[in-house]
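Visitor: These are the residues of each chain, in order.
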Amino acid sequence: MTLPDGRAVVEAREGDGATLSIHGAAIGDRVYTGAITFFALCVPLLLLAIAWEIGVAGWPTLHKFGFGFLTSSDWDPVKGEFGAAPAIYGTIVSSIIALVLATPLAIGVSLFLSELAPRWLRQPVGFLVDLLAAIPSVVYGLWGIFVLLPVLRDPVMPFLRDTLHLDKTGLFTGPAYGPSMLAAGIILAIMVLPYIASVSREVLLAVPRSQREAALALGATRWEAIWGAVLPYARSGIVGGVILGLGRALGETMAVTMLIGNRPEIAASLFAPGYTMASLLANEFSEASSDAHLSALMAVAFVLFVITLIVNGIARWLVWQVSRNTSGRTA
Amino acid sequence: MNRRILLAIPLLAAFACGGDKKAGGADSGTTAAASTTSGADLTGAGATFPYPIYSKWFSDYATKAGVKINYQSIGSGGGIRQLTEGTVDFGASDAPMTDAELAKAKGPILHFPTVLGAVVITYNLTGIDKALKLSGDAVAHIFAGKITKWNDSRIASLNPGVKLPAKDILVVHRSDGSGTTYIFSDFLSAVSTAWAAAPGKGKELSWPVGIGAKGNEGVAGQVKQTEGAIGYTELAYAKQNHLATAAIANQAGEYVEPSIESATAAAAGISSKLPPTTDFRISIVNAPGAGAYPITSFTWLLIPKTIPSAKKQKQLTDFLRWYLTQGESSAASLDYAPLPQSLIATLTARIDSIAAGTAP
Numbered sequence: 001m002t003l004p005d006g007r008a009v010v011e012a013r014e015g016d017g018a019t020l021s022i023h024g025a026a027i028g029d030r031v032y033t034g035a036i037t038f039f040a041l042c043v044p045l046l047l048l049a050i051a052w053e054i055g056v057a058g059w060p061t062l063h064k065f066g067f068g069f070l071t072s073s074d075w076d077p078v079k080g081e082f083g084a085a086p087a088i089y090g091t092i093v094s095s096i097i098a099l100v101l102a103t104p105l106a107i108g109v110s111l112f113l114s115e116l117a118p119r120w121l122r123q124p125v126g127f128l129v130d131l132l133a134a135i136p137s138v139v140y141g142l143w144g145i146f147v148l149l150p151v152l153r154d155p156v157m158p159f160l161r162d163t164l165h166l167d168k169t170g171l172f173t174g175p176a177y178g179p180s181m182l183a184a185g186i187i188l189a190i191m192v193l194p195y196i197a198s199v200s201r202e203v204l205l206a207v208p209r210s211q212r213e214a215a216l217a218l219g220a221t222r223w224e225a226i227w228g229a230v231l232p233y234a235r236s237g238i239v240g241g242v243i244l245g246l247g248r249a250l251g252e253t254m255a256v257t258m259l260i261g262n263r264p265e266i267a268a269s270l271f272a273p274g275y276t277m278a279s280l281l282a283n284e285f286s287e288a289s290s291d292a293h294l295s296a297l298m299a300v301a302f303v304l305f306v307i308t309l310i311v312n313g314i315a316r317w318l319v320w321q322v323s324r325n326t327s328g329r330t331a
Numbered sequence: 001m002n003r004r005i006l007l008a009i010p011l012l013a014a015f016a017c018g019g020d021k022k023a024g025g026a027d028s029g030t031t032a033a034a035s036t037t038s039g040a041d042l043t044g045a046g047a048t049f050p051y052p053i054y055s056k057w058f059s060d061y062a063t064k065a066g067v068k069i070n071y072q073s074i075g076s077g078g079g080i081r082q083l084t085e086g087t088v089d090f091g092a093s094d095a096p097m098t099d100a101e102l103a104k105a106k107g108p109i110l111h112f113p114t115v116l117g118a119v120v121i122t123y124n125l126t127g128i129d130k131a132l133k134l135s136g137d138a139v140a141h142i143f144a145g146k147i148t149k150w151n152d153s154r155i156a157s158l159n160p161g162v163k164l165p166a167k168d169i170l171v172v173h174r175s176d177g178s179g180t181t182y183i184f185s186d187f188l189s190a191v192s193t194a195w196a197a198a199p200g201k202g203k204e205l206s207w208p209v210g211i212g213a214k215g216n217e218g219v220a221g222q223v224k225q226t227e228g229a230i231g232y233t234e235l236a237y238a239k240q241n242h243l244a245t246a247a248i249a250n251q252a253g254e255y256v257e258p259s260i261e262s263a264t265a266a267a268a269g270i271s272s273k274l275p276p277t278t279d280f281r282i283s284i285v286n287a288p289g290a291g292a293y294p295i296t297s298f299t300w301l302l303i304p305k306t307i308p309s310a311k312k313q314k315q316l317t318d319f320l321r322w323y324l325t326q327g328e329s330s331a332a333s334l335d336y337a338p339l340p341q342s343l344i345a346t347l348t349a350r351i352d353s354i355a356a357g358t359a360p
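Here the protein sequences come in this chain order: A and B.
Counted the way this note's numbering counts, the first sequence spans residues 1 to 331.
Counted the way this note's numbering counts, the second sequence spans residues 1 to 360.
Be a bit skeptical, because a hint or two may be false.
As the list claims (entries may be wrong) - Partial list, computed: chain B residues near chain A (C-beta under 8 Å): (1) Ile74; (2) Asp168; (3) Gly177; (4) Ser178; (5) Lys214.
Everything labelled a hint here was simulated from the structure, so no lab data went into it.
Quantities reported herein were computed from a predicted structural model and do not represent experimental measurements.
Note that beta-carbon positions come from the ideal geometry of N, C-alpha and C, so glycine has one too.
Chain A on its own, in the form it takes in the complex (with noise of 0.2 Å):
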C-alpha cells in the first residue's frame, strides 16, 4: 500500500465519522437509551420469569398442602407425603453457623489487611484469601470428606462434648459421626470467608486517612482508632460484604450435600445429620419421575426463592438502617 493511498483511506474514514456525529446523533441517543434500558429490564423480567415458571410447576404441591408444607418434617417420596420443614430448617441454621464463624474471621484479616500489615504482605495474602473463592465447591466437598470429616469425628466433636462439657448446652451432644450440621457450617464458612473479607478489605481501605488521623491526634491507641474511628465508617459496607456471604451460603449445593449427612429432620444438636433444600433438589431431581414428586421439588425450589428474597430484603433493609445511622452521626 502506497502512502498516498494510505491517506486517502484515513481521510475517507474520519469524514464518515463526521457525517454521523451530526446527523445520527439523536437518533443515536435514542437507540443507545433504549438498547440500555432494554438491558436493564431483562433482569428483572428473567426474576419474574424464574419465579412465575417455579411457581406454576410447585403449585399443585403449594396448594394440595398449603401451609403444612412448610411445617411438616415427612418427606416421603414413595408415599407422596412431603414436607420441607427440616430442610428450610437446615438451609437456615448451616447458614447462621456459616456467618456466626466466617464473619468475625473475615473481618479480621480484612483488619490486618488493610490497617496493621506491612505493605509487602498484603498483596499476597489478600490474594490467597480471593483465591477461595475460586476453588470449586466440589473440590470443598471432597477436602470436607476426606480431611474435615476426621478431624471433626477425633479429636474436634469429642472435645466439644465431653472435654469442654458443651453438651449441656444441647447443641453438641450425640453421636460424633462427622457429616453433620455443624460440617456443613464450618464448610459453608470457609467458603463464604473470602467473599466478607474482600468486601470488607475494600470498604475498610476506602476509608478516609482523615479519620484515622483525627482518631489518633485526639489520643486514641490504635486499636481505639480501629474500634472507634474505622470500623463504624466501614459498618454498612462490611453487613454489605455478609450479606453477600449470607447468599451464597443459602444457595450452597454442592459441598453441603457431601457433608450434611442429607436426613430430613430437625434435631437440636449441630452433631446431628441435616439436610438443606439446595442440597434436596440436587439429590432428588434427577430421579423424580412422579409427578408429585416433581412439583414437591419445584415447590422446595419456590420456597428457596422466596426464603432467599425475603433474606436480601431484611439484609437491605439492615444495610440502609446501619448507613443512616452511621450518616446521621457523622453529620
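With chain A held as given, fit chain B onto it using these hints.
Guide: Frame of chain A, contents of chain B only:
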C-alpha cells in the same frame, strides 16, 4: 470515531442477546435436531448405572456398523421423561416404567433388559476377615433401625464363631435418587412385609435411620471412615474398590457372596419361569435357584414399539440384535453381569415386533 464505537457496543450486544434468546426458546428441539444432523444417528438418555457398559457398546458398535449412538446418562427419571416427550429415540432405566408412566407415553414402550446390576452390603468392622453372613430379615431390621448393635443376637446367631463388637451400627444410605436404592429397597420389600409397608420401595425413600451420602463413592467413603458403619453400593463399584461385602441369604436359605456369576444365576433362576408373553418389567430380587444372589436387578433399555423413521427403526433394531449377540460378552470385563443365555432367544424374538410408522 469514539462516539461511533460507543454506539456500536450496545447495538452489537443487543443483537447477540436477541440471538441467544431465539436459540434458548426452541431449546430441546434444536439440540435434538442438531445432534442428529451433526453425527449421531440415534440419541438416547437415561440411567447412569449402566453408562460405562453402554458407552463401550455404543463406541464398539460405531466402529463396527458405522452407526453413531449418542447417550446422555442423565438418570433414569430424566430418561423416562425425555422418552415420554419424544426428544430421544430410546430411554434407559434402572427401574421398570410404572403403568402410569407407560400410559403417559405417546405409544407402547418395550423393555429390553441389557445387563444385571447387583447391590452389595458393605460394612466396616475391624478384626473380621470372613464375609459376614446376613439374612434378608436381618438386613431389613438393621436398615429400619430395629437392630442397633453389631452384637445383636439376630446377627450373632447367623455368624457362629465370629466375635462381633458391642458397637452401635451406623446406617449409611444414598441421598441422591438412584437405581441402586430402588433395587435395594425392592429386595427389602420382598423379604420384609414391615419394610414393604413403610418405607417401601423407590429411588428415594424416607429412611427410618442413618446418614445420607451422595453417590456410591459417598456411601463407600463414609463406611470406610466410620467403624461400625453399614451401607450399600453397586457390585461394580464394590469390586473395583475392594470393599468388604456381606454374604446374603437367598430364597433357598443359602448364603451367597455377590459376584457376576451369582447375579447371572439370579436372572437364570427367574427367566426359566417367565411366561412367553412377559413384558420383562420383572423384579428378580430374592430369586429362586442355586447360587442366586438375592439383591439383583435388570437394567433396561426403553424402546418405542413404533418408530416413525424407517431408517432409525432399522438402526435401532440392528443395534438391539448386536448387543444381545455380541455386546453381552464384554459386560463382565466392566464388572456387569451378563444376561443368562435362556433370556437371549426370547429377547431376540421380541425385536421383530418393533415396527416403523406412527403409533396408532
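Visitor: Taking the least C-beta to C-beta distance, is Gly177 of chain B closer than 8 Å to chain A?
Guide: Holds: closest Cβ of chain A sits about 3 Å from Gly177 of chain B, inside 8 Å.
Visitor: Using the nearest Cβ pair, does Asp168 of chain B come within less than 8 Å of chain A?
Guide: 7 Å, holds
Visitor: Does Ser178 of chain B pass the interface hint, meaning its C-beta sits closer than 8 Å to a C-beta of chain A?
Guide: Check passed: Cβ of Ser178 of chain B comes within 6 Å of chain A, closer than 8 Å.
Visitor: Is the shortest C-beta separation between Lys214 of chain B and chain A less than 8 Å?
Guide: OK, holds: Lys214 of chain B within 8 Å of chain A, min 5 Å.
Visitor: Double-check Ile74 of chain B for me: the hint is only fine if its C-beta lies closer than 8 Å to a C-beta in chain A.
Guide: 6 Å, holds
Violated hints are absent here; each numbered hint is respected by the structure.
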